[in-house]
Amino acid sequence: GENVEQHPSTLSVQEGDSAVIKCTYSDSASNYFPWYKQELGKRPQLIIDIRSNVGEKKDQRIAVTLNKTAKHFSLHITETQPEDSAVYFCAAPPSSGNTPLVFGKGTRLSVIA
Amino acid sequence: EPEVTQTPSHQVTQMGQEVILRCVPISNHLYFYWYRQILGQKVEFLVSFYNNEISEKSEIFDDQFSVERPDGSNFTLKIRSTKLEDSAMYFCATSAPLNSNQPQHFGDGTRLSIL
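From first to last, the protein sequence lines stand for chains C and S. To convert, note that position 35 of the first sequence is 35 in this note's numbering; the numbers rise steadily by one, no gaps. To convert, note that position 51 of the second sequence is 1051 in this note's numbering; the numbers rise steadily by one, no gaps.
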């Protein structure tokens, strides 16, 4: 089945700096890669996603890149702000239908003002 | 923006008792999922539901668990005889009815505490 690895587990950056979180997946059939942000005690909130027919997608300060050959995808946050502090999860489904997501273990991002 | 609604927000139950967690999906969504998250850990898949039947389930979803959509509105997760290790946040997620993977939108979760 699908296996998703996420690194780093914790990340501290100064406000204004960039943050990069990386994930790898195992199932070649995966074609959809969402990123979720989870604040303490809250639900996972979808912040950006990418499909396998594109290599990069950007939405304001956040961007996701995908390398299908290497089976890895990354989240990039630029100009970080204290409110970006949260746990970020990558996920991938094991196939192309509407299948359940397999989540990474999460990255706790701390943005220091 | 439409939301997935879950009730209750917090449930405290004695070990061995039955619990029912409820979810109201986004109105045009037809794919439903239950996930759980043990404190400080990753989100884990339990079960998916489409067209009034289970489409997939994980190893966690054993005979103590069941799901149904009794009234065409609520989507419920029942744990028949709770164990201490069932203590976790339970999230319902739903997605739209299209062929390829669609974004899954999560509810605010139910915090289940087993005593």
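No lab work stands behind these hints: they were computed from the structure. As the structure is a prediction and not an experimental result, all values here were calculated from the model. Treat the hints loosely; a few may be bogus.
To be verified - Calculated pairs, EDC-like style, for lysine to aspartate or glutamate (alpha carbon to alpha carbon, straight line, at most 16 Å):
{"#": "1", "chain 1": "S", "residue 1": "Lys-1042", "chain 2": "C", "residue 2": "Glu-79"}
{"#": "2", "chain 1": "C", "residue 1": "Lys-42", "chain 2": "S", "residue 2": "Glu-1059"}
{"#": "3", "chain 1": "S", "residue 1": "Lys-1042", "chain 2": "S", "residue 2": "Glu-1053"}
{"#": "4", "chain 1": "S", "residue 1": "Lys-1042", "chain 2": "C", "residue 2": "Glu-39"}
{"#": "5", "chain 1": "S", "residue 1": "Lys-1078", "chain 2": "S", "residue 2": "Glu-1053"}
{"#": "6", "chain 1": "S", "residue 1": "Lys-1042", "chain 2": "C", "residue 2": "Glu-5"}
{"#": "7", "chain 1": "C", "residue 1": "Lys-105", "chain 2": "C", "residue 2": "Glu-56"}
{"#": "8", "chain 1": "C", "residue 1": "Lys-58", "chain 2": "C", "residue 2": "Glu-79"}
{"#": "9", "chain 1": "C", "residue 1": "Lys-42", "chain 2": "S", "residue 2": "Glu-1003"}
{"#": "10", "chain 1": "S", "residue 1": "Lys-1057", "chain 2": "S", "residue 2": "Asp-1071"}
{"#": "11", "chain 1": "S", "residue 1": "Lys-1057", "chain 2": "C", "residue 2": "Glu-39"}
{"#": "12", "chain 1": "C", "residue 1": "Lys-71", "chain 2": "C", "residue 2": "Glu-56"}
{"#": "13", "chain 1": "C", "residue 1": "Lys-105", "chain 2": "S", "residue 2": "Glu-1044"}
To be verified - A few chain C residues facing chain S, derived, Cβ under 8 Å:
{"#": "14", "residue": "Pro-34"}
{"#": "15", "residue": "Pro-82"}
{"#": "16", "residue": "Ser-85"}
{"#": "17", "residue": "Phe-89"}
{"#": "18", "residue": "Leu-101"}
{"#": "19", "residue": "Gly-104"}
All residues carry an ideal CB built from backbone N, CA and C; glycine is no exception.
Query raised in the report: When the hints from earlier in the document are held up against this structure, which numbers fail?
Result: Failing hints, ascending: 1, 2, 3, 7, 10, 11, 15, 16.
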